[in-house]
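*Asks:* One-letter residues, chain by chain:
2 protein chains.
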Amino acid sequence: MYNLLSGLSVIETSSFVASPTAGLYCAQMGAEVIRVDHKEGGLDYDRYMLTEAGRSLSWENLNRAKKSVALDLRSGEGRELLVELAATTGNLITNLPEKSFLSHGAVAARQPDGAPDLVSVRIMGWHDGRQAMDFTVNAASGYPLMCGPEDWDMANAPPVNQVLPAWDFITGAYCAFALLAALRHRDATGEGNEVRVPLGDVAIGTMANSGALAEMLYRGADRERLGNAIWGAFGRDFRSRDGVRFMVAALTPKQWDGLVAAFGLGDAITALEGELGVRFADGDGPRFENRHRLFDLFQDAAANADWADLSARLAAQGTTFERYRTMHEAASDPELVTNNPLFGPAPANPSGFDYPATRSFANMPGRDVGNPAPAPYLGQHTEEVLANRLGLSSGAIGTLVDRGIARLSDKE
Amino acid sequence: MYNLLSGLSVIETSSFVASPTAGLYCAQMGAEVIRVDHKEGGLDYDRYMLTEAGRSLSWENLNRAKKSVALDLRSGEGRELLVELAATTGNLITNLPEKSFLSHGAVAARQPDGAPDLVSVRIMGWHDGRQAMDFTVNAASGYPLMCGPEDWDMANAPPVNQVLPAWDFITGAYCAFALLAALRHRDATGEGNEVRVPLGDVAIGTMANSGALAEMLYRGADRERLGNAIWGAFGRDFRSRDGVRFMVAALTPKQWDGLVAAFGLGDAITALEGELGVRFADGDGPRFENRHRLFDLFQDAAANADWADLSARLAAQGTTFERYRTMHEAASDPELVTNNPLFGPAPANPSGFDYPATRSFANMPGRDVGNPAPAPYLGQHTEEVLANRLGLSSGAIGTLVDRGIARLSDKE
Numbered sequence: 003m004y005n006l007l008s009g010l011s012v013i014e015t016s017s018f019v020a021s022p023t024a025g026l027y028c029a030q031m032g033a034e035v036i037r038v039d040h041k042e043g044g045l046d047y048d049r050y051m052l053t054e055a056g057r058s059l060s061w062e063n064l065n066r067a068k069k070s071v072a073l074d075l076r077s078g079e080g081r082e083l084l085v086e087l088a089a090t091t092g093n094l095i096t097n098l099p100e101k102s103f104l105s106h107g108a109v110a111a112r113q114p115d116g117a118p119d120l121v122s123v124r125i126m127g128w129h130d131g132r133q134a135m136d137f138t139v140n141a142a143s144g145y146p147l148m149c150g151p152e153d154w155d156m157a158n159a160p161p162v163n164q165v166l167p168a169w170d171f172i173t174g175a176y177c178a179f180a181l182l183a184a185l186r187h188r189d190a191t192g193e194g195n196e197v198r199v200p201l202g203d204v205a206i207g208t209m210a211n212s213g214a215l216a217e218m219l220y221r222g223a224d225r226e227r228l229g230n231a232i233w234g235a236f237g238r239d240f241r242s243r244d245g246v247r248f249m250v251a252a253l254t255p256k257q258w259d260g261l262v263a264a265f266g267l268g269d270a271i272t273a274l275e276g277e278l279g280v281r282f283a284d285g286d287g288p289r290f291e292n293r294h295r296l297f298d299l300f301q302d303a304a305a306n307a308d309w310a311d312l313s314a315r316l317a318a319q320g321t322t323f324e325r326y327r328t329m330h331e332a333a334s335d336p337e338l339v340t341n342n343p344l345f346g347p348a349p350a351n352p353s354g355f356d357y358p359a360t361r362s363f364a365n366m367p368g369r370d371v372g373n374p375a376p377a378p379y380l381g382q383h384t385e386e387v388l389a390n391r392l393g394l395s396s397g398a399i400g401t402l403v404d405r406g407i408a409r410l411s412d413k414e
Numbered sequence: 003m004y005n006l007l008s009g010l011s012v013i014e015t016s017s018f019v020a021s022p023t024a025g026l027y028c029a030q031m032g033a034e035v036i037r038v039d040h041k042e043g044g045l046d047y048d049r050y051m052l053t054e055a056g057r058s059l060s061w062e063n064l065n066r067a068k069k070s071v072a073l074d075l076r077s078g079e080g081r082e083l084l085v086e087l088a089a090t091t092g093n094l095i096t097n098l099p100e101k102s103f104l105s106h107g108a109v110a111a112r113q114p115d116g117a118p119d120l121v122s123v124r125i126m127g128w129h130d131g132r133q134a135m136d137f138t139v140n141a142a143s144g145y146p147l148m149c150g151p152e153d154w155d156m157a158n159a160p161p162v163n164q165v166l167p168a169w170d171f172i173t174g175a176y177c178a179f180a181l182l183a184a185l186r187h188r189d190a191t192g193e194g195n196e197v198r199v200p201l202g203d204v205a206i207g208t209m210a211n212s213g214a215l216a217e218m219l220y221r222g223a224d225r226e227r228l229g230n231a232i233w234g235a236f237g238r239d240f241r242s243r244d245g246v247r248f249m250v251a252a253l254t255p256k257q258w259d260g261l262v263a264a265f266g267l268g269d270a271i272t273a274l275e276g277e278l279g280v281r282f283a284d285g286d287g288p289r290f291e292n293r294h295r296l297f298d299l300f301q302d303a304a305a306n307a308d309w310a311d312l313s314a315r316l317a318a319q320g321t322t323f324e325r326y327r328t329m330h331e332a333a334s335d336p337e338l339v340t341n342n343p344l345f346g347p348a349p350a351n352p353s354g355f356d357y358p359a360t361r362s363f364a365n366m367p368g369r370d371v372g373n374p375a376p377a378p379y380l381g382q383h384t385e386e387v388l389a390n391r392l393g394l395s396s397g398a399i400g401t402l403v404d405r406g407i408a409r410l411s412d413k414e
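Those protein sequences? They're chains A and B, same order as listed.
Numbers 3 to 414, taken from our numbering, label the letters of the first sequence in order.
Numbers 3 to 414, taken from our numbering, label the letters of the second sequence in order.
One copy or two, either will do: identical chains are not told apart, so a pair holds if it fits within one copy or between any two.
Okay, derived cross-link-like pairs now, EDC-like style, lysine to aspartate or glutamate, Cα gap no bigger than 20 Å in a straight line:
#, residue 1, residue 2
1, K256, D48
2, K256, E275
3, K256, E100
4, K256, E42
5, K256, D46
6, K101, E82
Hints listed in this document are in silico derivations from the structure and should not be mistaken for laboratory results.
Could you build all of it, start to finish, from the sequences and the hints given here?
*Replies:* In structure tokens, the structure reads:
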């Protein structure tokens, strides 16, 4: 954990993936992120995978380094406490609907008279208020009908959903950015802001930002199916003689030259250039347009070499390539995990299960990186936060606990 | 364009997707983002799709609302100008290698004596300096071997690459966040920072943050293939009688009840509950574990209804569902694009092609949203930026242009 955001406190009322991710990134940069949940846990508290004791491995990774406050959010009193926490803290990340008790207006109305400066970031489904999730915005975006084998019939190919909830993770990172942008503006002007980020807009807007919306309109039709090939450049998966699948990509002249050398294809490429009347070194265009001829050459070469030999040659030529791992392989891969400084030692996870824990994606030479912190137990910081943020006495907090409005740690 | 980041200037030396995206998000929030490229264009200047006149629709969408400076970055003099621009501006986003002329140290060394406060955000491949791209880190992450039809043989299933460069877009958003985090720290302390964000760490770290790394280690094996089903909850794609494919998801009790009602499956579900001895309303667990039985019931119901009828019932029940579009359909869909305030009118794009242009993903009620700005022509702002940032006279700039060190707009 770095301390770039130390001094910043954020109330997060979240579920699922996008919203917790926004808080996670802030917490890993040193912010105090206080997740406030319903006392039985939010909608994501028992998301798969669960350990035998019923602890969610999803929850304990998406909520690392945060504090937890547990309140009865079905009661008016619990909701009032959350609104007051958000108002006094002044910074809120949530995916509750704008029409809920935790609207920007409701929170800002509880800030000091005449000086509401709340910054709230609200993750929505669609921009018009309709519900959406990663899976459904993905269906709308067009991507699932473009994925999958090249030889699937274009008109009848089934969609291929992505296992990675990419829209959630893009949205989470974007919301962390939007929060800091609004805070920067408040620092400069004193003004608060209501920031709404619809998951659906992130999906369709990313499709557009990538150039694909313009592309489809310019074509007046869908793009041809590419299978695992890279659009507009040279790259695809290949398989070595001993059955190892790997991806190669060449987007620069240097990468292309390296690939040709590593595969030992200099003469074959020269011959093909003569036959086709092109020069593949000229750029992405000729390599992409003639990709099927090139893919055949590369696959033939791959099928005549074992991975140990081929990967050594690819590395020696400085090419960009990678072996496909199953996720179980990836999870304990030395290069990816066990020897990677992104990961630190297992902290005291709520599940009791020990495994490498992530630090922030950003690394900063010369700054103390520290060790990853665990997720909290549900309600672990209820007492501390109600006392420090709202000035409640231990007697008052005890009464809230006795009455079921607040809950302390679910550790036992 | 919003003005949350007005007053902030950033030098961006970028190529491909992640790094330009970080600058794009800042520019759409009102920052002055000055992209400095080699005078013939960076490695991404002719990325597909190209118009007939050779303009990249990818480039003009990823660089919207930025300024462009074009220098001979193969010459020492051009490189010196870029280093000086980054030093005087104090804020840098780049994907050039740390060992290049644009290292953090080289730029900071050109800042005022004794007060280097540079904030640089550098996108890397792998953390150890090896090259990587979206396609290759994806291969390592394990996701491509989990995607694709459920009935593919687990041991021999081919990888399915994602057409969406998800790791690039997550990295881009994260880098915009990391930049603002480091700026917040500098505002508070005066300290600059070098921030490195490896694309590979974003991939493997996201896999871990989602809980999947812990899951694989806890299982001691890979997850079973799920096809298009949602992991740990109820959801999959179905097909109506008239051939419309759509995705449904139910993660909450309310969503589940709505789905059952919309599909008219109340009695069938009750009967299945009796047979299996479970209550599907109890949570994700029983719905996920018995998903194949449920999927059969839902697909049978879908196959007996046309989409117009079924979608009306799904909407009336407030369920979360979405029709799969091809990307060409999505690109001119009224709900997604033409009637969506995310999109504004076509600005004067370098390509001359008119199409809806994205605003920032974030929308802020009560703030002026403005209209989307176009990408610059290459070098369009060379003169303005060299004059304003480095104080060069028009005569000095003219000499740089004459000598081929600087280039003005490539408009003609």
